[in-house]
Structure formats: structure tokens, C-alpha cells
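**Student:** Residue strings, one per chain:
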Amino acid sequence: MKNRVAIWVLGLAGIALAVAPARAQNGLPMPSPVEKELAARASNVTEVTLGKNMLGFAAKFLDGKDKDEEATRHLIEGLDGIYVREYEFDKEGQYSAVDIEKLRTYFQSGGEWSSIVHEHDKRSGETTDVMMKMVNGQPHGLFVLDAEARELSIVLILGPVKMEDLSKLSGIGGLGVLGDIDADSHGNANRNKDKVKPPKAKTGGDE
Amino acid sequence: MAHNWQPDFEKLVDEHQSMVFSLAWRMTGDRGLAEEVAQDVFLELDRHMTRIESPEHALNWLRRVAMSRSADALRRRRVRGVDLWVEIEEKHGSPAEERQSPLETRLEQLLSTLPEAQRAALILRYQEDMTPEEIASAVETPLATVKSNLHRGLKLLRAKATTNLKEYIRGL
Amino acid sequence: MDFEWPDQPEKFDEFEQELKQAMERRPAPPSLKRRIMQKRSARRTERHHTTMIWWQRLAASLLIAGVIAGGFGYRQIEERRKGEEAKQQVLTALRITNQVLNNMNRKLAEHDKPENGK
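For the record, the sequence lines run as chains W, L and P.
Its first residue numbered 94, the first sequence is counted upward by one per residue in this note's numbering.
Its first residue numbered 2, the second sequence is counted upward by one per residue in this note's numbering.
Its first residue numbered 338, the third sequence is counted upward by one per residue in this note's numbering.
Since the hints were derived computationally from the structure, they do not count as laboratory data.
For glycine and all other residues, C-beta sits at the position ideal for the given N, C-alpha and C.
Chain P is nowhere near these chain L residues, computed Cβ spacing over 12 Å in every case:
| id | residue |
| --- | --- |
| 1 | T51 |
| 2 | I53 |
| 3 | E54 |
| 4 | P56 |
| 5 | H58 |
| 6 | W62 |
| 7 | A118 |
| 8 | V140 |
| 9 | E141 |
Here are the computed lysine-lysine pairs in the DSS-like style, where the Cα-Cα straight-line distance is at most 25 Å:
| id | chain 1 | residue 1 | chain 2 | residue 2 |
| --- | --- | --- | --- | --- |
| 10 | P | K444 | W | K215 |
| 11 | P | K444 | W | K195 |
| 12 | P | K357 | L | K156 |
| 13 | P | K357 | L | K161 |
| 14 | W | K129 | W | K145 |
| 15 | W | K158 | P | K419 |
| 16 | P | K348 | L | K156 |
| 17 | W | K153 | P | K419 |
Hey, can you work out the whole structure from these sequences and the hints?
**Tutor:** Next comes the structure, spelled out in C-alpha cells:
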């Protein structure tokens, strides 16, 4: 009897492991198989993976006297990780809708993610997804997937994301748009729409 | 002599800006957008200068990128529920070039009403004197598809022109 | 479908000749070249500025290295180098994040434009 229970538990664990992304020691996901394929096809790849410890370490080198660096430091302090991928392609058609769906599924699994924005242009194939992970009513993760004709970007921020700090980052180009997302995550009109319209420098900082 | 040839950015702009601008204008139907596209194309050329090996390479590269960026610009401009061709036709209703005959002006306007792929093929054929093989390479499309687009586009344009010419003559 | 496509313009029929004339290249606006050269110049200045910052950082690193003789250890230098690298990675990540969100914002704004005539 005990062996049967053990087998069931192991079986369930196996299923859970199979659907959830493997995690590195820093809590960030391991690169999905799709990303490796994208990197192979891309003409330019930027990959940044920063765990909690590395973020804390980097924060020490942000100049507190510089307004923007101070804002950056405040933003990243307390975060559990930042995972960014940017793939640029020489021509269109280097990834498919199936690839996009695999990426969404991969990053969405293993937590309570709410879709804030889902836009898909069936003609051009461009897709934008924004998801937030809410823990006790507070944003505890932000995922953005932006797929354009020749560029595909993934942004994953884990931990207590301070939206108001993100909007103050004018030194890195201003992220004021996130104020709107914050409003949406708290119950305003959802932008989930699936519209039918009539068409490599690696800088990995893994710990 | 290709070994001795060094690309000079400003000279390339002087030599090819009209070509790039014309391609972009005829593809997008929007003068302002065509200027933006042309600008982007040359700035991209600046980033790729080290890879340009000869004057012919520069010309082909510019044609290919101009067509590609024009298509991108058209895609971005698409407005839901509005027939883009109608929009282009309205924009093309601007005063004709003095050197053009009314029929030539009308032909150019009719060109803008064709589907994008056919329009692209005809522009490269008749503006740039490219062969179907060269067009296929520039727009990264199979040769058979290019020939089909040329054939269908020309046929459609003839039909439209014939109808319009009759109306034009009737209006004289 | 395989047609004879004449390679020489003189083999075009009358309609094609008209079409070819209609499609003569249009002169580019006089301001186009000026704008291209200006943007190119501005971009190069920005790149030069970035390069200068890197040189300054290198100079700072060398200065730090020079201070070794005064007693600073290799560990501190290595830590500073790693810290700067980590900082740059943070900035790169946030730059991409900003770009992605701006793209999204633009698309949402386009989507929210009222349709013509409605």
C-alpha cells in the first residue's frame, strides 16, 4: 500500500515538474528550449539574467547621487530576479505562433499569473502579452512578451514590482506606461483582445 | 576593381535617394511616410556599410531594404475597418507632377489600388527595370509567385486603365 | 504559369511603355539628404559619447589598479569590475523593458483610436 502511494506521489511530482519550468538556484526559470531555437535563428541576441543576489550586488554600484540611478536602485532592491531576452532577426517568419504560445505557457506556469494585455494581430502575426503575478493583492511579478515581425522580446521581473518606481525611470527612457497597467491589474477594463484584422550580444549575468 | 571600391555614404545617398524615395512613395502612397522610410533605409545602410562590397551590391541592398521597410510601414499604418487602398487612393489624389500627362498620373493612382504584392512587383519591374529573377531576390519571394504577381497585376492595371481611359475620354 | 518577360524596355507594349513612363523615379525632397546626414551625425555623436564613457571607465579602472601600489587589494578591483558589469546588465535589462512597454503602449494607443467615420 505504501509503495502505491509513493508511486502516485512520484507520478504527480513528475507531472508537476514536466509542466513547470525548471528553476535555477536563483529562482529564475532556466531558458526554455524555444529560446535556444530563437537564439540560433536570430542575427542579434541580448540575454540578461540577474538573480536576487546579483541584483543586490549591482544595486551597490548605482550612484545614489544620480537621480535616475537612485530610482533604479530603489526599483531593483527587493526584487527576486530580472530575466530579459531580446532576439532580432534578419527577416520575417523566423518564429511561429506555436513558438509564441510555448513561451507564454512556459513562463506562465507554476504561479498565479493574470493576463493584463493580450493583443494578437492575425494579419501581421504581431503579439503583445502582459501578465502580472498577484500575491495577496500586490504585484509580485511582471511578464511581457512582445513579438514583432523581426524582433521578439521577453521581460520577466520577479518579486515585489514597484510600479510607481518603474514610472520614474526617465534616465532609462521613462516607463510611465506601466502606470496604466497597474490600473488594469486592480480591476479596470481588461485589454484582453484577440483581434482579427484584415497581415547577439549575450550579456548573461547569471549567478 | 571591386577590391578597391570603398563605399562613400554621402555619395550613396546622392546617387540613390530618389530611387529609395520613389519606391517607398509608390508602395505606401504617402509622401510623408515615404520620407520616413527613406530616412530609415539610409540610416540602416550606415549601420551596414562595412558589409557593402560594390556599387551593385549597394543598389540591390537598398532596393531590398526599401521594399521591406515600406511593407513594414504599410503594416503599421493599417487601420481596422478601413480599406487601405481607398486611403492610398485619396492621398494620391494630390496635384500631379507637371511633367506627367494626365494618363500617366492616373496610371500611378491606379497602381496604388493594386494588392501590395502585385504593386511591389510592378514597381520593381517598371520603375527599376528589374527582371523577375531580380525581383524575386529583392522581395524574397519565389520566382513563380513574382511572375504570377506581375501577370495578374499588369492584367488588373490594364483593365482598370481601360475603364478609366474611356471615362477620361468621355469627359473631354 | 510561365510568360515571356521581355528584358529590354523596347520590347514593352504600348501600355507597358506608358506605365514605365508613369513610374519614372521621383526626385527626393531636398530636405531628405539633410535630415539623413543630421541623424547620422547625431547617432555617431551618441556612440562616441558612449565610447568616451567606456574610456573613462577604463581610465578609472587603471587608476584603481594604480592604487594597488598604495595598498588596495586585487579583490576590491575585481569586485568593482563585476559590480559595474552587473550594473550595466541591469540598465540593459531595463532599457529593453522600457522599449517593450513603449511598443505595447503604442500598439494599444493605435488600437484605441476611434475608427474613421464611426
